[in-house]
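*Asks:* Next come the chains, spelled out residue by residue.
Protein chains: 2
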Amino acid sequence: MALYGERGYENTTVAAIAERAGLTERTFFRHFADKREVLFSGAAALQDLLVGAITDAPRSATPLEAAAMALRAAGELFEQGRAGSVQRQRVIDANPELQEREVIKLAGLAAALAEALRRRGVKDPAASLTGEAAIAVFRIAFERWVAESNRKRLPRLIDDALSALKTVAGG
Amino acid sequence: MALYGERGYENTTVAAIAERAGLTERTFFRHFADKREVLFSGAAALQDLLVGAITDAPRSATPLEAAAMALRAAGELFEQGRAGSVQRQRVIDANPELQEREVIKLAGLAAALAEALRRRGVKDPAASLTGEAAIAVFRIAFERWVAESNRKRLPRLIDDALSALKTVAGG
Chain S
1 MALYGERGYE
11 NTTVAAIAER
21 AGLTERTFFR
31 HFADKREVLF
41 SGAAALQDLL
51 VGAITDAPRS
61 ATPLEAAAMA
71 LRAAGELFEQ
81 GRAGSVQRQR
91 VIDANPELQE
101 REVIKLAGLA
111 AALAEALRRR
121 GVKDPAASLT
131 GEAAIAVFRI
141 AFERWVAESN
151 RKRLPRLIDD
161 ALSALKTVAG
171 G
Chain Z
1 MALYGERGYE
11 NTTVAAIAER
21 AGLTERTFFR
31 HFADKREVLF
41 SGAAALQDLL
51 VGAITDAPRS
61 ATPLEAAAMA
71 LRAAGELFEQ
81 GRAGSVQRQR
91 VIDANPELQE
101 REVIKLAGLA
111 AALAEALRRR
121 GVKDPAASLT
131 GEAAIAVFRI
141 AFERWVAESN
151 RKRLPRLIDD
161 ALSALKTVAG
171 G
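Top line first, the protein sequences correspond to chains S and Z. Sequence positions in the first sequence follow our numbering and run 1 to 171. Sequence positions in the second sequence follow our numbering and run 1 to 171.
Quick caveat, the hints were computed from the structure, so don't treat them as lab data. Not one of these hints is a red herring.
Note that the list lumps identical chains together, so a pair holds whenever it fits in one copy or between two copies.
Dumping the calculated DSS-like pairs for lysine-lysine here, alpha-carbon to alpha-carbon at most 27 Å:
#1 K152 x K105
#2 K123 x K152
#3 K123 x K166
#4 K35 x K105
Just chain S, same shape as in the assembly:
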């Protein structure tokens, strides 16, 4: 990841990444399908965390409350390594192909949240809408969090964006 920042994503070879990480190329390819995967390999763990938190939310929680608990849990996790997230975001912002990959990853997370809500008995379109709205909240909070001027914690920024969503939709 540091190499992407130093040389640019396009100019970084798998050989160079493997060398920096002290791996052979063969070992690299046991962990990642290609060099893009280095940036997106966290998606599965993030999805598991979000889905698990929705599943474990109290029965009394509304769909949006359950989703909010999941987002806050993810926010706490990201707080453990803001520097890495900032670096990753810079690499993605500099490359349209990676931005598209990120959009697709987020759409997958929204679908996974909706599916977890359906398993709690939430009907459509409420389940789909909550999944999409929650991921929009997360994306917007995350953008503010990685911005240079930010001094707030991610869970707090998530709550700010949730409040804005309620104002927008309830107004």
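Following the hints, complete the assembly by docking chain Z onto the known chain S.
*Replies:* Chain Z in isolation, oriented as in the chain S frame:
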């Protein structure tokens, strides 16, 4: 488009599309960058319509009301040719690469809506959230509209999804 339905998107060549449309391949490529573009060439016109409707919405309209007016206007337009939309959706549903292209197109529309709202003086995160929520509403209404069992008009399904969004976010 009909050829994609008959032969499958992967098995349809530009030569076959051009022949069916009574065009030379050279003329085809003057209109479309590649065969995928046949499916996504309407995106720019849709974006213009949505952005124009937001710009023209009364000053008194809230951000979500302005976005809702834009979605309803788009809904009326799509009503003029449901069969084509159903056919297009089947082609896309059968091809993961096209589904990704669709996700990226929708993300672009959400960004364009947010930008149009900012030009009306709406601040962030309200502008971004409204753009994302509106496109989620549209996507969900559109999915129901092209489903075989649907008998409702698209503008009506858009209003249904908007109501569900208000319930989800306001509850």
